[in-house]
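Chemist: The whole structure should be built from the sequences, with the hints applied where relevant.
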Amino acid sequence: MSGGSSQVHVRVTDEPLSLEALSRAVGRPGAGAIVCFEGTTRDVERLEYEAYGEMARERIAAILHSCVERHGLEAAAAEHRVGGVPLGEASVIVAVSAAHRAEAFAGAREAIDAIKAQAPIWKREVEGASGEWVVGSLPTRPEPA
Amino acid sequence: MVSVKLFAVLRERAGRDALALDLDEPATVGDALAALARHDGLAEVLARVPVVMAVNRDYADDDRSLHEGDELALIPPVSGGSAR
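Top line first, the protein sequences correspond to chains H and P. Numbering-wise (my numbering), the first sequence opens with residue 15 and increments by one. Numbering-wise (my numbering), the second sequence opens with residue -11 and increments by one.
Don't read these hints as lab results, they were simulated from the structure. Just so we're clear, the structure is a prediction, and the values are computed from it rather than from any experiment. Ideal placement from N, C-alpha and C gives every residue a C-beta, glycine not left out. Mixed in with the good hints, there may be bad ones.
[Said to hold, decoys possible] If you want a taste of the chain H side facing chain P, the calculated C-beta under 7 Å gives, among others: (1) Phe51; (2) Lys130; (3) Trp147; (4) Gly150.
Modeler: Given below as structure tokens:
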């Protein structure tokens, strides 16, 4: 889903994520800076992610649109993996581009923080045959526009 | 009659990914939450897991009114909440 704008790209998928592809997706002639964030499985055999897919896509697209507007980004993209994500592999990637690095860093930071706080996505830590839902926080509401 | 989507720990405890809810109209999100808390498959888990409700894929307050055909979902705590 493109989020209705060529500036924003969102995908929720059970396939492995590609940092290179997402970085290329936000490249623009006016972009002098691209910042990418990759969140990876650590300390556990694998994580299993479950998403309310349609809502997650809509929320993430709204977050990226807000970041583009607030930080003057050229483009913003995010992909979240669902299903099993083995140790060391990426569960979420955010990439943003901007004319200069200050707004790119700020926009990427705001995007990943908001995605983690607002997107309806859950994870289970799995070791061998046993798994446990990670206790998180109730989602925060988006800030008024 | 509305259908409520269930996810993660709620889906697991209820043993299904959606359940049907009978509500007297007019009904609000708060009415739906109260009815769900009395539901056999969910009462035990809802007593200890806090939830918010989403209506048509937006987080909704308790006083939001519900209409025929609304898409309801129970959202337990999401896993990425902290900024660590």
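Chemist: May I ask which of the numbered hints given earlier this structure violates, with the numbers listed in increasing order?
Modeler: 1
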